[in-house]
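For the record, the sequence lines run as chains S and H. Just so we're aligned, residue 1 is where the first sequence starts under our numbering, counting upward by one. Just so we're aligned, residue 1 is where the second sequence starts under our numbering, counting upward by one.
Note that these hints are calculated values from the structure, not bench results. No experiment lies behind these values; they were computed from the predicted model shown. A couple of the hints might just be wrong.
Said to hold, decoys possible - SDA-like, lysine to any residue: derived pairs with alpha carbons at most 20 Å apart:
no.	chain 1	residue 1	chain 2	residue 2
1	H	56	S	38
2	S	11	H	71
3	H	26	S	109
4	H	104	S	109
5	H	104	S	80
6	H	26	S	112
7	H	69	S	104
8	H	104	S	11
9	H	70	S	112
10	H	56	S	46
11	H	104	S	37
12	H	104	S	40
13	H	104	S	112
14	H	26	S	89
15	H	104	S	41
What the hints assert, rightly or not - Derived coverage of chain S by chain H (criterion: at least 3 residues anywhere in the stretch with Cβ under 8 Å from a Cβ of chain H; other residues may be distant):
no.	stretch
16	11 to 18
17	34 to 48
Backbone N, C-alpha and C fix where the C-beta goes; we use that ideal spot for every residue, glycine too.
Given next are the chains, with one letter for each unit.
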Amino acid sequence: DARVTQTPRHKVTEMGQEVTMRCQPILGHNTVFWYRQTMMQGLELLAYFRNRAPLDDSGMPKDRFSAEMPDATLATLKIQPSEPRDSAVYFCASGLFSGTQYNEQFFGPGTRLTVL
Amino acid sequence: SQQGEEDPQALSIQEGENATMNCSYKTSINNLQWYRQNSGRGLVHLILIRSNEREKHSGRLRVTLDTSKKSSSLLITASRAADTASYFCATLSYQAGTALIFGKGTTLSVSS
Chain S
1 DARVTQTPRH
11 KVTEMGQEVT
21 MRCQPILGHN
31 TVFWYRQTMM
41 QGLELLAYFR
51 NRAPLDDSGM
61 PKDRFSAEMP
71 DATLATLKIQ
81 PSEPRDSAVY
91 FCASGLFSGT
101 QYNEQFFGPG
111 TRLTVL
Chain H
1 SQQGEEDPQA
11 LSIQEGENAT
21 MNCSYKTSIN
31 NLQWYRQNSG
41 RGLVHLILIR
51 SNEREKHSGR
61 LRVTLDTSKK
71 SSSLLITASR
81 AADTASYFCA
91 TLSYQAGTAL
101 IFGKGTTLSV
111 SS
């Protein structure tokens, strides 16, 4: 049963600390997305990759957030330094884009981040 | 920025009733998708409708798309308590890139 996995599921940290979230997309999917969900803003697209290359990271605060795909099985989202306003649930999703067709995204369970 | 906006924001119904949620969007799209999110979980894809389709069914779900009005509706028939969740519409527009843009969702509560 293929699924997107994310680690850690929960993270509590203090302001100023570095936070790294990891995602393993579904094997064979060529597109990976990072979203952030809060009550106030809803689901926001932070960044996404196709074939490991970043396509759009305009939703990400550049000074403190960074996203990478070291290889096809791992995507990372890093916050350094973290701030209380970063507290949210961070979702990774993956999908297959064929060039002419794009279907559904598959979401991971999320990382619930609390920055004190 | 959100492309889709769901209406209503919250909906409470009794088991067995039908639930209708609406989504409006701003720019032309290639497809529109509906997702469900149970509390504390990730989103789950429900149904996709392409811009050249007007209606689609999947089990108890019926989705319509009116591209002239830039709107879609999701109908859940004979609702069950297990349908309690948040429902999101998401639009894909190749003009805007190839990432889904999500609305803020409708929270559905089905009481038994």
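Verification of the supplied hints:
1. 56/H <-> 38/S: 31 Å, violated
2. 11/S <-> 71/H: 38 Å, violated
3. 26/H <-> 109/S: 29 Å, violated
4. 104/H <-> 109/S: 18 Å, holds
5. 104/H <-> 80/S: Not OK: residue 104/H and residue 80/S at ~28 Å, beyond 20 Å, violated.
6. 26/H <-> 112/S: Not OK: residue 26/H and residue 112/S at ~31 Å, beyond 20 Å, violated.
7. 69/H <-> 104/S: Status violated; Cα separation ~24 Å.
8. 104/H <-> 11/S: Status violated; Cα separation ~24 Å.
9. 70/H <-> 112/S: 34 Å, violated
10. 56/H <-> 46/S: It is violated: about 30 Å lies between the C-alpha atoms, which goes past 20 Å.
11. 104/H <-> 37/S: Judged against 20 Å, a Cα distance of about 10 Å means the pair holds.
12. 104/H <-> 40/S: At roughly 9 Å apart (the allowed maximum being 20 Å), residue 40/S and residue 104/H satisfy the hint.
13. 104/H <-> 112/S: 19 Å, holds
14. 26/H <-> 89/S: Outside the cut-off at roughly 27 Å; violated.
15. 104/H <-> 41/S: Holds, because 8 Å separates the two Cα atoms, which is no more than 20 Å.
16. 11 to 18: Contact hint for the stretch 11 to 18 of chain S vs chain H: violated, 0 residues under 8 Å.
17. 34 to 48: holds (count 5)
Violation of the numbered hints given earlier is confined to hints 1, 2, 3, 5, 6, 7, 8, 9, 10, 14 and 16; the remaining hints are satisfied by the structure.
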